[in-house]
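Order-wise, the sequence lines are chains A and B.
First residue of the first sequence: 4, per our numbering; consecutive thereafter.
First residue of the second sequence: 4, per our numbering; consecutive thereafter.
Among the clues, some could well be false.
Same chains, same names: a pair is fine if it fits in one copy or spans any two.
As the list claims (entries may be wrong) - Simulated crosslink set (SDA-like; lysine to any residue; CA at most 20 Å straight-line):
hint, residue 1, residue 2
1, K143, S63
2, K35, T14
3, K39, F170
4, K143, H296
5, K143, E207
What the hints contain is simulated information worked out from the structure, not anything from laboratory work.
2 protein chains.
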Amino acid sequence: MTTVAIAGATTWGNTIARLLARKKIATSVWAKTEEKARILRDELHDASSDDNYVKYITFSNIIADVLKSADFVIWAVPAQNLRGVARQFHAGITDNMILVNLAKGLEADTGKRMSEILSEEIASISPERICVLSGPNLSKEINLGLPATSVVASIKTETAEKARELFNAPNFHVFTSSDLIGVELCGALKNVVALGAGMVDGLELGDNAKATFITLGWDEVVLLGTALGAMPATFFGLAGIGDLITTCAGNLSRNHYVGYQVAQGKPLHEVKAAMSHIAEGIDTTIAAHSLAHSLRFDAPIINMVYSVLFDSLPPAEIMVRFRNGLKPEARV
Amino acid sequence: MTTVAIAGATTWGNTIARLLARKKIATSVWAKTEEKARILRDELHDASSDDNYVKYITFSNIIADVLKSADFVIWAVPAQNLRGVARQFHAGITDNMILVNLAKGLEADTGKRMSEILSEEIASISPERICVLSGPNLSKEINLGLPATSVVASIKTETAEKARELFNAPNFHVFTSSDLIGVELCGALKNVVALGAGMVDGLELGDNAKATFITLGWDEVVLLGTALGAMPATFFGLAGIGDLITTCAGNLSRNHYVGYQVAQGKPLHEVKAAMSHIAEGIDTTIAAHSLAHSLRFDAPIINMVYSVLFDSLPPAEIMVRFRNGLKPEARV
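Same shape as in the complex, but just chain A:
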């Protein structure tokens, strides 16, 4: 019998817990406090009293209890919190476990990917037992049982296959990939592009301008990602443009919302303060900006998003730069 631990009771973590429980997989979710664990337990029972999957999910704030006999540990915390949580968990992780990261971001201070952070903080685990799940996956729709696809990537095929088997469900079709770097960068950097696309919408520049921004922004991401060791094809797959389209087109993206509000003239700290959830793209923009700088990689679009967020560049400057096609050397 497969047993799963989920580190972090985020919206997406809870969605995955329900998806696994519906497959009758025993899933234990770690919440920060006993109080939080109790609230989540009550919420689950209230919302789903007539559904027998509920019995497969437990909540606890005791790491040792959550990890007990776990085959998989799923990391469902915001990207900037992963290092801290991994440190809290590391003593309980054994080398027979498979780690699956769900966070879509890069560490702001270091530019590191989430799998790198897990490797650094959990000495007992081989990089071959780490993977990422990423794709066009709006939680809300998956909770409703609407069909979706996703990608699980690992440097080791066997690990990806095992994780695929874990997550695959009638309405959740999971593919595997060996391009861990690419899938991680797709998930992280699409949030930067979504932030910028939100700015274009906030400036009310229209769908033509937005599509131009997304296309040239993604082109930049592909080149940066390739310079960082990813495979270009990954960026055009489900974890790439699939996720990008969902994030930029829908109105459900927090990153798009942040860009929109900032372009409408609200200071970033006010926008952040008013949000109950974290928009991963903000810190990931810092990471992407630093990575590009340290590689001496020309990233005019990432730099533009960065400058609007952190360097007082007036959002209207985006309009001015459009007149120059955003960048002279753009591929078409």
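Mind docking chain B on chain A? Use the hints.
Here is chain B on its own, set in the frame of chain A:
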């Protein structure tokens, strides 16, 4: 002084006429009848009485008048009408003119691209003087002066450069490409994907499913396009995913509308009868389906759209096929 003839008084043709007139380029638009020419003339003056660009546009139903001293002939008729219009015009075309096609479609009966049709029907013109303009270009936004980008492609660089110069404007940034086949196929086949994306929306499957459909559908288009001689990179540029994003995400696309209505259970002939404009994707689906068949190319997504439109496949079958990830061998 540059002089332009536009064959066809379609919405997009009239938008381009206004764009050129604002650059003080004398533009003569051909309408089918004297009556239509008069109506368009009145509309233009009523809408823009205080704008002095109006004097640069003339309307006529006399082909010889429209073509007089034209340096460029712009083809702004629906794809299935281009051959007939080209036959009407061919006697007046001289080898010093540059032809620019605006239609985004393939001929249903032959699967041919618009530049192939122009070459076949106008013996006096070299293929080196034919180009296409294509990109994320919603007419409505361009009429409002919102910023947009587009791509002009020709097998001859010099021709593309000249057309770029013609169209480039402060809020209309034009890039050039040498991949005529690729840019034409992008514009045509994105309408097939948009039709299918409309079906996914019509079935109310959500944004995750829609993004999956678009991503795997476009993957199929790239492979088919490459088999037909296009460059893969073109499909990921402005004329490719740029146009695709605008068409599939917005609610302004006629092709998306057709797919939506059909998936909601309306017969195709009723949907078509109720529309005042042509949805190019319908006939282009016939062409794409035949092209794939004749190349023995595996195109499950194009075939699925075809079967729903023309072969009585119940739209709900799309949902069933999602459970299988749409196609087993999908790249991710």
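Hints versus structure:
| no. | hint | result |
| --- | --- | --- |
| 1 | K143 <-> S63 | neither (24 Å within a copy, 55 Å between copies) |
| 2 | K35 <-> T14 | within (14 Å within a copy, 58 Å between copies) |
| 3 | K39 <-> F170 | neither (25 Å within a copy, 60 Å between copies) |
| 4 | K143 <-> H296 | neither (37 Å within a copy, 39 Å between copies) |
| 5 | K143 <-> E207 | between (27 Å within a copy, 14 Å between copies) |
Hints 1, 3, 4, counting from the list given before, are not met by this structure.
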